[in-house]
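Visitor: Chain by chain, the residues run as shown.
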Amino acid sequence: MDPSGVFATRYERDQALVRTDRQRVALALFAVFLVCVPWLLGPRLVATASVMLITAVVVVGLQINTGHAGQVNLGQAAFMGVGAYTTGVMATHAGLPFWITIPAGGAAAAVFGFVFGLSAVRIKGFYLALTTIAAQLLFHFLVLNLPSRWLGGSNGLTLEPATFLGHRIADEASIYWLCLAFAAVMVFGAYGITRSRHGRAFVAVRDDDVASGMMGIDVVRTKATAFLIGAFYAGIGGGLWAYYVRFVAVDQFTLLNSIWFIAMIIVGGMGSVTGALIGVFAIKVVQETITSLGPSVVATFPFLSGDIVFATMNVFLGGIIAAFLLFEPRGLMHRWNILKRSYRLWPFPY
Amino acid sequence: MIDFVNYVINGALIGLLYALIAMGFVVIYRASKVFNFAQGELVVFGGFLVWWLVVSVGLPLWIGVPLAFAAAALFGLAIERIFFARLVGESVFAMVMVTIGLLILIRGVVLLVFGPQVRPFPIVFPLQPIIVGDILVPRSLLYGGLITIAVGFGLAWFFNRTRPGLKMTAVAEDHQVAMSLGISVRGSIAFAWVLGAMLSTLGAVIYLSGKSLNFLASDIGLAALPVALLAGLESVAGLLLAGVIVGVIQGLAVAYLDPVVGGAVGSVLPFLIMLGILFIRPTGMFGWKTIERV
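Taken in order, these protein sequences are the chains called A and B. Numbering-wise (numbering that gives the first Met the number 0), the first sequence opens with residue 0 and increments by one. Numbering-wise (numbering that gives the first Met the number 0), the second sequence opens with residue 0 and increments by one.
Rather than coming from a laboratory, the hints here were simulated on the basis of the structure. Do not take every clue at face value.
To be verified - The following label-pair restraints were derived from C-beta to C-beta distances:
| hint | chain 1 | residue 1 | chain 2 | residue 2 | range |
| --- | --- | --- | --- | --- | --- |
| 1 | A | Val296 | B | Trp156 | 51 to 61 Å |
| 2 | B | Gln175 | A | Gly215 | 26 to 36 Å |
| 3 | B | Ser183 | A | Gly212 | 32 to 42 Å |
| 4 | A | Gly41 | B | Gly186 | 50 to 60 Å |
| 5 | A | Pro146 | B | Ser90 | 42 to 52 Å |
| 6 | B | Arg185 | A | Ser195 | 34 to 44 Å |
| 7 | B | Ala69 | A | Leu143 | 36 to 46 Å |
| 8 | B | Val112 | A | Gly41 | 34 to 44 Å |
Model, not experiment: these values are computed from the prediction. Note that beta-carbon positions come from the ideal geometry of N, C-alpha and C, so glycine has one too.
Model the full structure from these sequences, guided by the hints.
Guide: In structure tokens:
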């Protein structure tokens, strides 16, 4: 809800993302902060921030696909992998610049996702989840069994750093800005998609696909479009990832990664782009904490084995998915909205 | 020729093992409308229970294995109490995601409690294979296959012919309708998980007898997926046929296609079959066809 005194008199005003002057200022300050991150934080935190931005692109795509259009997708990591490999192959074999290879990675992933999205025409729910798991396994099989001249097989692909106007994007700060530029465009686009005609069609199909078909929405086309968009985002994220680690291997895109992505939208809140961003931030912070604290904990208590980090990570991931679905299925975003509402209504209860 | 017969027989027996694991999926689906992605982890957990009671504690087999079954039943009941009692009537997405969360959670717990080491599994069935002429059949798979057929027909009779079984069938149809007919949905779900956990332990005993065990054994849960889909998720007896079909195809592919292509076709072929089923006939051979209304 809006603070008192803010009334929308036109449709555009009602749909606006930034609704008050204070929000405008806050957004501007946040944007300045994001641009200044490499000067404010140490190199390790900047690297983490880059990973967060890349993950944010992938997860926002998943949010459109699963959160808005309701198509369960457990293959987002495979779609990301298709994008990463396409970018990698085009950059190493053809020597194309990043502003061609990354969008091309997105397009390739979109085609791959579209093919699996076509199965959503006939099936839904967990059957669809099974198809996307099959996409994941098929991706692994293809990468490992195609001639290793093409995709590098199990050795992976090594990339040269991207160059922009003669500047090599190799240090942490430049990579961060590259990721930030792409993430900003993609997130802005996501807000646009979800408010558009297509976004409303997605929500209608999610809520009841039979009823929305009777209302004149082309259900098949909407579902396929949702997969296309979701996979395109994953492909762009994969392309950024390829330039970030400059090494693409098949074990970076596993089913477990797909489940992490889903966990992020569950934690953040289904059906909200902002929620996806919050979910990415929250989960990445905890992941980083467990990874960095794990070794020192093991050093203090020698009776624990070294695999405790992996085990704890699994318990955390499984536990958080189940806990949020049981106790707060609408995610952190819902909590935030409750907080905002009570703050704006204070001192009145409603 | 004798090789071919060998491949077919062994493929069929492995297929029956897949059918037993897939029976866990179907039983849980048939009584609660939940598709359990954590099936493979239940198998691993059951396997570790048997290992812990028989090898680590040192109980004799005839006490340890039944105790492991009892413990697995309790574990299934605990899963229902903690997770699914609150999810009655919730969306398919929530249920599917909770079982995926459970998959990861159980794996983490197994790693924390039992560790990642490879453990020797007790020898439940004698190791010597049965040899008839030139045909060589592993004893554990043969006995396992016979047990699977018996359990499969028993459960099919239970779900299709008895009163409690038909009540659970109603729960699988629709939680709300079942509740308004006075059927206990929670009781049905609890029964499903107890039965699913016990079937998984049985699967673990047959699959792992005399082999080694660590947390990666859960891959058999994924391998059993195509069998469950080919049969259709509502049919218990159909699993036996579907298991034999998938097992024979996989066995022949490993024997004749892998040397040509260079490996791994045998492991990916069941998933190609699964994709084919999903695209052409998602209800499988014997599944229910549902009509949707608004």
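Visitor: Tell me, in ascending order, the numbers of any earlier hints that this structure violates.
Guide: Violated hints: none; all satisfied.
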